[in-house]
Amino acid sequence: MFQLIMNASLLIVSISTIIFIYRVIKGPTTPDRVVALDAIGINLVAITAILSVVLNTSAFLEVILLIGILAFIGTIAFSKYLEKGVIIDHDNDNN
Amino acid sequence: MSILHWVVLAPFLYAIIIPILFTYMKRVHTGWFILPLPFLLFIYFCSKIPTTSQLQTDVFTLTWIPSIGIDFSLMLDGLGMLFSLLITGIGTLVILYSIFYLDKAKEKLNQFYVYLLLFMGAMLGIVLSDNLIVLYMFWEITSISSFLLIGFWNNRRNSRNGAIKSMVITVFGGLSLLAGIILLYLMTGTFQISEIIASVQQNSIMTDPLFILAMICVLLGAFTKSAQFPFHIWLPDAMEAPTPVSAYLHSATMVKAGIYLVARLSPVFAVSGYWLWLVSIVGIVTLIYGSFFAIKQTDLKGILAYSTISQLGMIMSLLGIGAAGVHYESETTYYIATAAAVFHLLNHATFKGSLFMVVGIIDHETGTRDIRRLSGLMQVMPITFTISIIGAFSMAGLPPFNGFLSKEMFFASMLNILEFNLFNMQTWGLLLPIIAWIGSIFTFVYSMILVFKPFAGAFKPEKLATKPHEAPIGMLISPIILVSLVIVIGLFPDLVANTILSPAISSIYGGGSYDLHIYHWHGFQPELFMTIGVILAGILLYKTREKWTTIYRVFPTILNRLYDILRFKTEGSFNSLTNRYMVGSLRTYLIYIFSFFVFILLLTMILKDGFTSDLSNLAPIGAYEIGLSFVLIIATISILFAKSRLTSIILLGAVGYTVSLFYVVFRAPDLALTQLVIETVSVALFLLCFYHLPKNARKKESIPFKLSNAIVSILVGLVVMLIAISSYSNKLFGSIAEFYVENTYKKAAGENMVNVILVDFRGFDTLFEIAVLAIASIGIFTMIKLRMGGKKSENK
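So the sequence lines, in the order shown, correspond to chains E and R. All residue numbers for the first sequence refer to my numbering, where the first residue is 368 and numbers rise by one. All residue numbers for the second sequence refer to my numbering, where the first residue is 15 and numbers rise by one.
To be clear, the hints were calculated from the coordinates, so they are not data collected in a lab. Mixed in with the good hints there might be a few duds.
Said to hold, decoys possible - Stretch by stretch, here's where chain R covers chain E in the computed footprint (C-beta under 8 Å, at least three residues):
hint, region
1, 377-389
2, 394-407
3, 419-426
4, 436-442
Positions of the beta carbon are idealized from the N, C-alpha and C atoms, including for glycine.
Turn these sequences into a full structure, and let the hints guide you.
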């Protein structure tokens, strides 16, 4: 029963990921894609968590944290890029 | 080190101090400093004549590279003695002549004498070496120093071309000689000539499959060096060298190195019929070709060059025929050919040296060497005329000069060979004396041209650039000494016969002593009538030469044209060939690399029948793997068809993240962590690159489809897949992972096995991966910084 629930939730998250991927590929604008990617990142967190439950291990908890951080940083970087055209500002550019 | 070693090395050592002498002793012609050296060497060799004429052979060995059997060992026997006397004796005369020929203010004398001494030492090394590798080393030094000497006036185009031509041809022969030496080593197990000859006499190597190949390689070396047909073409072009060089290198010494080699290795190869036929046929063809084309020349040195070719051919053919003597140990009839070869070798060096010097004098005093502009010099240059008439008559084979004696012996041995009943000599052998006779007629004709065209007739000073007069006495000394040798040897041939010639013959045959007697008059033999016939036909041809020399228009200079085609046309075609495949496009090179990769791997797999698939040790496939693979495949394929680059980058990121999910599924947490971080960083880097693309290249278009690319990439994927399947199906032994599982905690105090392997069990790899990262970061830093620095300096 537990196994079935886990598999079912994994399936659901996967399907949602595939739909996000459709948005990444199809997405008419770049922000669409970026948001979809961010959501994929969060979905990956979920998938990793469920997988570590299925595999019965605690070795992947760092991965979960890392994906969270990376998804955040990545999305911020993308957003900044889309907004300003640069990710890391030069000192001179502020003036 | 024995004295002989010092003798061979002396010219090299002396060459070192020549530039010093040249720089600090400006007032004296540098040649005067050089002159004593070859003279001393000559005296040394003369003092050794009693030893060699007793057939005592001294071998002096100096270990050089003993581990591979290369020793600097020298041997002084009859043959080496003959050549050493020629090299040092004529070397002395040539240096004396060059002192007066080359101007001390205008010419780069230091270079000239350095090259000449290099050559002299190398030539002595060739004829005295007992080790084939050492011989080869000196052989190549003669090629190089000859190249330098031919191109001595390197501001002239013809000199440079002649130098390159001789270099290309003789080095080609030299390399083939090296191959021959190595083959001989494979057959006999030694590089020492004396040991090779001894081992050949014990057990014949004729049946060895490498024998013929070794013979051909050695002969190629000898034929190219000695300007035999069809490799003779470099010699006429080498006449651009200063005349002392032509006299020394291209008549007396270097071109005889091939003769020396053939004579020296005769005991090894002479048992074979191929050797007899190859050497004598090439020699006789060279003889007639050289003498025939010598008549066509209008340049005096051109005549002498072709004459040298022809005379070398004669000596070569005599050596070939002399090989017949090996088959009849008791008969003395056949060794007369070798005697003739050795004798003519000596004679040719004397009269050809003097003739070259005469031509140099004419050139020096009149400013031209063209026989069409020279005539009647007899009145102004009587001594030169006397020298040249003696030299030329000796070359034509007239009594009482030494050329007559060797020409008679030549005819005699050509007739003797008819009685030789091996190797089809009875059927085809008749051609040899006939060709030899015709060649001698041509020899007579060009000798007459050489002496009578410039000297006889009416004196026409208006055709000449300078006012001709007799040469200074210093220039005349050397040719006078040479022609007196011509006369002395001609009148008293026994002076050299048993002291120098017969030890040389015995070292060619390796037998006991040969009692050699050379007579001017040996009755009404057929060879005498042949000589009379040569003189009569020669005079007839010389008188009527205006009528028949038109036939030379029929004979184009096909060999030189072939060389030009080989050298220049092939250069162009190879150039265009290279341009055709080295197109400069990376895509094409990648196609080459990948196609070759596919080709070689598929071929190996097919030839070795390497494809195996063993399904027994496969793990069961889970649903997650299928799902992830599906995502991975979709993402990968989408990259190929993405319209914008941004999409490609994002899809690439998706691939990377999926791979990290695979790591999760396959239970590799550390890999998953690293993969995630790295993927993020690299996607960021890609975005950075994307932003910096030039504006006009930012066209948003999909990758254009190319069929070749598709085929190659599909094949590469396929091959890699096949190899992966095959290698997975061929697990030969188990994994060593058990060790790590057991000892990670016990021995290394860690629970994370991946990390323990990285820093403990196999920490060295990690160290250098850190180094790689350091290099990469420093590299990136310098690339950015240095470019900016460059910009700054541009702004200034």
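Going through the hints against the structure:
| no. | hint | result |
| --- | --- | --- |
| 1 | 377-389 | holds (count 5) |
| 2 | 394-407 | holds (count 4) |
| 3 | 419-426 | holds (count 4) |
| 4 | 436-442 | holds (count 3) |
Against the hints set out earlier in the document, no violation occurs for any number.
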